[in-house]
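Here are the chains, one letter per residue:
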Amino acid sequence: MKRIVSAILCFSMVMAMLSGCSGNPAVSTAVSGSASSKGEPKKVTLNVMMSFPRFMDQMQAYIDQFKKKELEEKNVDVTVNLEMPSSDQFETTLKTRLSSNDAPDLFTISANADLATYQKAGYLMDLSSQPFVSKLYANVKKTVTYDGKVYLVPFESTIWGYLYNQDIFDKCGITVPDTLDDMKKVVTTLKAKGYTPFELAFQEQWVPQLMTALTLGGLVSGSNPDWVKNMYADKASYKDVASIFDPIDLIMQNGTARAMETGSEQGCTDFANGKAAMFVDGTWASEAILKAKPDMKLGVGALPVDNNPKNTMINLATTTSLAVHANTKEKETALDLANYMLDDKDSSKLYKDLMFNPVATCHNYDQYSWAKQASAYVEKGRAYTDLVLPNAVTDEQGKLLQSYYLKKTTKEQFIETMDKTFKEANKAAAQAKG
Amino acid sequence: MKGGLNYGRNRKMFLFVLPALICFLAIKLIPAIMGIFYSMTNWNGLNPSYKFIGFENFKTLFTDDPDFWNSMGFTLKYVLFAIVLMNFTALLLAVLIENLHHGKGIFRTIFYMPNMISMIIGGFMWQFIFTQVLYQFSQNAGFGFLDQPWTSDSNFAFAAILIVAVWGGAGYLMVIYIAAIQGVPQTLNEAAVIDGATPFKRFLYVTLPMIRQAFTICFFITLNNAFQVFDVVYSLTGGGPGRETQVVSINIYEEAFARNNRFGYATAKSTILFLIILIITFIQLRVMKQKEEEA
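Quick note, the sequences are listed as chains A and B, same order. Numbers 1 to 434, taken from this note's numbering, label the letters of the first sequence in order. Numbers 1001 to 1295, taken from this note's numbering, label the letters of the second sequence in order.
One chain only, chain A, in its complex shape (with noise of 0.2 Å):
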């Protein structure tokens, strides 16, 4: 008997426990339609994985108008299960599932990050014949192709320089510098008059990483426009763009102080209190300051690089956007859901509240006034595409940046090393070709 009753509490837990391996770790919902009075809808379950938890409420709002308007026109009861990891996991996660054969139908990815990386392992289909691609910016248009094919629908496309406090630029009377020279007197004025010209938040790696972002950016598309190309075929140096190091010095010598104790969100709230005049830092920042101080008044200008105006520009990128898996089952519903996030009439509303960049022509509304200030840059020609570079470069030029600021690394070693983890990033792909 006590045999029995020993066997059967071990059998149990070992149940419970295997029981527990599975399961989803991320939150999901699921709420089907109404039943339609045309016959029996035909019945679809789509599985969307998305990287922006903080806007899940707007998210699945939308999906239910997408719900209703599938049952009216086309009779099919969708079920959406949507899920949102946050964004640290979201990659490991979204990679797993690929890998496990549990893909999502519809999932959202970076589209100048990784693009490449999953058409080339085949996980995206192709969009281009869709309604929703001759609704797209040009410019934004280019951004989510690759090999001359459409693959992803443009969700966060953000237009970005750095950020300047109104408030105190009119104080100084200083107008936005298109030239380092002019840049150099900014600096000069606003320590004159007692502020401190940047914010310097380099706790974590990839806001110095902006800096890069930026300053290559604007010269490689301004002066040097083959680099990023010899680069990838190893004929390139870091030391051909040497002097983007002339408004990275400016910026780190006239900084805030203890900027290695200072993370992303500090700086936000930081700079909305007006503890410095500049922030290199992207307009999707604008949510965190805002939140800090309501009534902060922000512009957007392009980071001056060297003194040439040709190479000061404004930066085009798009970061998430969506994807269709290559192999869904439910191929016709996934197009559906990814041609309504581009609807004629419903689109519009949730870029705005989303604070997303309008990317289509569908897109008819308001911006805030830094946005249209930066959308001037792109409507004058003086934006570029944000350079696509691999993941490794990119970390790498973080991490360094933020050794140099330590004065840990010389700009020789930073040349060095990034020529390296260039090369060796294009082995990998190489590689990882076979």
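Wrong hints could be hidden among the right ones.
[To be verified] From the derived model, a few chain B residues whose C-beta atoms are all more than 10 Å from chain A:
#1 Leu1092
#2 Ala1159
#3 Ile1181
#4 Gln1213
#5 Val1287
[Unchecked claim] EDC-like cross-link-like pairs, simulated, lysine to aspartate or glutamate; straight-line CA separation at most 16 Å:
#6 A/Lys427 - B/Glu1056
#7 A/Lys427 - B/Asp1065
#8 A/Lys420 - B/Asp1067
#9 A/Lys297 - A/Asp270
#10 A/Lys408 - B/Asp1153
#11 A/Lys423 - B/Asp1064
#12 A/Lys423 - B/Asp1065
#13 A/Lys420 - A/Asp395
#14 A/Lys407 - B/Asp1153
#15 A/Lys193 - A/Asp167
#16 A/Lys297 - A/Glu287
#17 A/Lys420 - B/Asp1065
#18 A/Lys407 - B/Glu1244
#19 A/Lys135 - A/Asp343
#20 A/Lys408 - B/Glu1244
#21 A/Lys420 - B/Asp1064
#22 A/Lys427 - B/Asp1064
Please keep in mind that the hints were generated in silico from the structure rather than gathered at the bench. Think of the CB as a built atom: it goes at the ideal place given N, C-alpha and C, for glycine as much as any other residue.
Based on the hints, put chain B in the right spot on chain A.
Then chain B, alone, in the frame of chain A:
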């Protein structure tokens, strides 16, 4: 008759161990063996197809990866300091607590509590303390020496990591030492008092030899855990600034998830780490077991 009893008991014991055994096999052992297979491929964690490349990953590791060996050197330095500091602190606390008249339970709980906090959370807590709290203290309360680059200078960052690691880990070892000290027969101590030994001499010649077994266990635990330390360093400095405080586990994590997503190569590195830890702990156990038996 005797055989039948043993058989029944063995089966019961086996059934009780079965759930834990299944978990261990499924979650730790089988993936580790599969990992050794993946370490000989060039998989990047995403592609549905990959190539089998034999020992090329291991060759690259030994010839072309200075970052890994730098992090290995830093980890060894950390292990050395961690073993000494953690065990010394734990033993000191254990002795002090055992010599209290009242309040043993309270102090035991207080010193054990940091162990119950996940070290990631502990690390983030301490990161806030090091970067914000100590700074404010030094500015407003006159403790000027507290204003140091705790997380951005390699020496201070090393000290910060050790402080947090000892804070979080000493409690566990302290409990083991307390149990061992309590196991020392009172008669030996009384005999030593009669012979006129001072408390310090008593500790050195009576207590210490009797708790040799606890030393073996605690050293083994500290050695094993210190080699694989991840959460403390990751949450406190992230391996930074640059790669100054990067321990081996963070180097492997970076290789797999950040640099060039070379999952196969990262698995090869973890296999090597496993072998190194295996050899070192094997030696450590052998040496200390021998000393135990001599005592």
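- request: For the pair we were handed, lysine 407 of chain A and glutamate 1244 of chain B, check the Cα-Cα distance against 16 Å.
  value: With a Cα-Cα distance of about 13 Å, the restraint between lysine 407 of chain A and glutamate 1244 of chain B holds, given a limit of 16 Å.
Original post:
Any Cβ of chain A at or closer than 10 Å to glutamine 1213 of chain B, or is the non-interface label fine?
Top reply: With a cut-off of 10 Å, glutamine 1213 of chain B remains clear of chain A, as the shortest Cβ separation is near 31 Å.
Inset, instruction - With a cut-off of 16 Å on the C-alpha distance, tell me whether lysine 427 of chain A and aspartate 1065 of chain B pass. - result: This hinted pair holds, its Cα atoms lying about 14 Å apart.
- request: With 10 Å as the threshold, tell me whether alanine 1159 of chain B passes as away from chain A on beta-carbon distances.
  value: holds (16 Å)
Holds or violated: lysine 427 of chain A with glutamate 1056 of chain B, Cα cutoff 16 Å?
holds (14 Å)
- Query: Are the Cα atoms of lysine 193 of chain A and aspartate 167 of chain A separated by 16 Å or less?
  - Reply: The hint holds at about 13 Å.
- Query: CA of lysine 420 of chain A to CA of aspartate 1065 of chain B, is that 16 Å or under?
  - Reply: holds (12 Å)
Q.
Quick check for students: does the CB of valine 1287 of chain B sit more than 10 Å from each CB in chain A?
A. holds (37 Å)
Whether isoleucine 1181 of chain B stays farther than 10 Å from all C-beta atoms of chain A, as the label says: holds (35 Å)
Check the hint pairing lysine 423 of chain A with aspartate 1064 of chain B against an upper bound of 16 Å on the C-alpha distance. Distance ~13 Å between lysine 423 of chain A and aspartate 1064 of chain B Cα, so the pair holds.
| field | Given pair status - aspartate 270 of chain A, lysine 297 of chain A, alpha carbons within 16 Å | value | holds (14 Å)
Between lysine 407 of chain A and aspartate 1153 of chain B, is the straight-line Cα distance small enough, at 16 Å or below? Distance ~11 Å between lysine 407 of chain A and aspartate 1153 of chain B Cα, so the pair holds.
When each numbered hint is compared with the structure, no violation occurs for any of them.
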